[in-house]
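S.K.: Quick note on numbering: numbering that gives the first Met the number 0 labels position 228 of the sequence shown as 227, and the sequence is numbered without any gaps.
Heads up, some of the hints might be wrong.
[What the hints assert, rightly or not] With a Cα cut of at most 25 Å, we get these calculated DSS-like pairs of lysine-lysine: (1) Lys157 <-> Lys242; (2) Lys186 <-> Lys59; (3) Lys191 <-> Lys180; (4) Lys157 <-> Lys7; (5) Lys187 <-> Lys7; (6) Lys186 <-> Lys150; (7) Lys59 <-> Lys150; (8) Lys150 <-> Lys187; (9) Lys157 <-> Lys180; (10) Lys59 <-> Lys187; (11) Lys200 <-> Lys229; (12) Lys191 <-> Lys157; (13) Lys200 <-> Lys221; (14) Lys221 <-> Lys186; (15) Lys186 <-> Lys12; (16) Lys229 <-> Lys186; (17) Lys243 <-> Lys5; (18) Lys180 <-> Lys150; (19) Lys157 <-> Lys59.
FYI, nobody ran anything at the bench for these hints, they're computed from the structure. The structure displayed is predicted, hence computed values, not measured ones.
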Amino acid sequence: MVVFEKPKSLTDKEFHYCPGCPHGIIHRLVAEAIDTLGIEGIAIGVAPVGCAVMAYDYFKCDMVEAAHGRAPAMATGIKRSLPENIVFTYQGDGDLASIGMAETVHAATRNENITVIFVNNAIYGMTGGQMAPTSLPGQVTQTSPYGRDVKTAGYPIKVAELLSSLDGPAYIARVAVNNVKHVLEAKKAIQKAFENQIQGKGFSLVEVVSACPTNWGMTPQKALEWVEEKMIPYYPLGVYKDKKAEKEAE
C-alpha cells in the first residue's frame, strides 16, 4: 500500500535549490493542494524573479514568468482574461515585498480573485544574501555586515499584518515549514487559499516563514532552529484575516 508519494502536479525535474532549502517543501504543499482540488488542468502559476525563478520547471500546470515583482499584476490580467482558471503566484520577499510591493498591495485592496504564496526567508537568496525588506533587526547580511540598523534601514515589513489592515483581501495567513506540525498547518492554509479562489471569495495570501541556510551561513538544522527562535517571534503565525469567519462570527 502506498502511503507517501510525489504529488502528481510536480514534474520529475530535480530541484535546483540549495541543500536544506524549504522551497522544495513549499512546492510540494502547493502541488498537493492542486492534486487534492483536482485543478491541475485549469491552474496557471506565475513564477517570480528570485530563487524560485525556475518554478515553471517543477509544476505540471501551465506556468508563466513575470518581470521582477510584477507577478500579482500578471496574475490579475490572466485571471480577468480567463476567469474560469485558477491563478496563483509564488514569490519571495524581495520580489513581493520590495520591488513588487505596489502590485501586491493594490491587487489585495481590489480583492483580485487570485492566490498568492509568499515565501519569507528574511534575505535576498538568489543574488547572494543582501538585506531584504523582511530581514530582522540586527540581522547580519551581505549589505548589513554589522546587522540591520533600524535607524537607517527601518524596520522589517510585516506583510501579513500590513495586508490584513486593508478592507479588500478575503484571506491572509502566516505559516511556517520548520517542523512537521507547522508543515501540516501550512498545507491546510495553502489549500484554503486555493479553495477561496475556486469559491470566488477573492484575494488570498499565505506567507510562509522559511529558512535560507546558505545565505544565513548555517547548517540546515540550525537554520530551522533560527526560524523557531528568531523569525517566528517577530513574525507570529496565524490567520490575520478571514472574511468568511468574520461574517459567521457577526
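S.K.: Under the criterion that the straight-line Cα-Cα distance not exceed 25 Å, is the pair lysine 191, lysine 157 satisfied?
M.R.: holds (21 Å)
S.K.: Against the 25 Å threshold, does the CA-CA distance of lysine 221 and lysine 186 hold or violate the hint?
M.R.: Satisfied, since the Cα-Cα distance of roughly 23 Å is no more than 25 Å.
S.K.: Within a Cα-Cα threshold of 25 Å, do lysine 157 and lysine 59 meet the stated pairing?
M.R.: The given pair, whose Cα atoms are some 32 Å apart, is violated under the 25 Å limit.
S.K.: For the pair supplied as a hint, lysine 229 and lysine 186, confirm whether the alpha-carbon distance does not exceed 25 Å.
M.R.: holds (22 Å)
S.K.: Hey, lysine 150 versus lysine 187, does the alpha-carbon distance stay inside 25 Å?
M.R.: Roughly 38 Å between the alpha carbons, so the hint for lysine 150 and lysine 187 is violated.
S.K.: Checking one constraint from the list: CA of lysine 186 to CA of lysine 150, max 25 Å. Satisfied?
M.R.: violated (37 Å)
S.K.: Against the 25 Å threshold, does the CA-CA distance of lysine 187 and lysine 7 hold or violate the hint?
M.R.: holds (18 Å)
S.K.: Lysine 59 and lysine 150 were given as a pair; does the straight-line alpha-carbon distance stay at or below 25 Å?
M.R.: violated (45 Å)
S.K.: Would you mind confirming whether the straight-line C-alpha gap from lysine 200 to lysine 229 stays at or under 25 Å?
M.R.: violated (34 Å)
S.K.: If you draw a straight line from the CA of lysine 200 to the CA of lysine 221, is it 25 Å or shorter?
M.R.: violated (39 Å)
S.K.: Has the given pair, lysine 157 with lysine 7, been kept, meaning a C-alpha gap of at most 25 Å?
M.R.: Since the Cα atoms of lysine 157 and lysine 7 sit roughly 34 Å apart, the hinted pair is violated (cutoff 25 Å).
S.K.: Does lysine 157 pair with lysine 180 here, judged by a C-alpha cut-off of 25 Å?
M.R.: Holds: lysine 157 and lysine 180 sit about 23 Å apart, inside 25 Å.
When each numbered hint is compared with the structure, violations occur for hints 4, 6, 7, 8, 11, 13, 17, 18 and 19.
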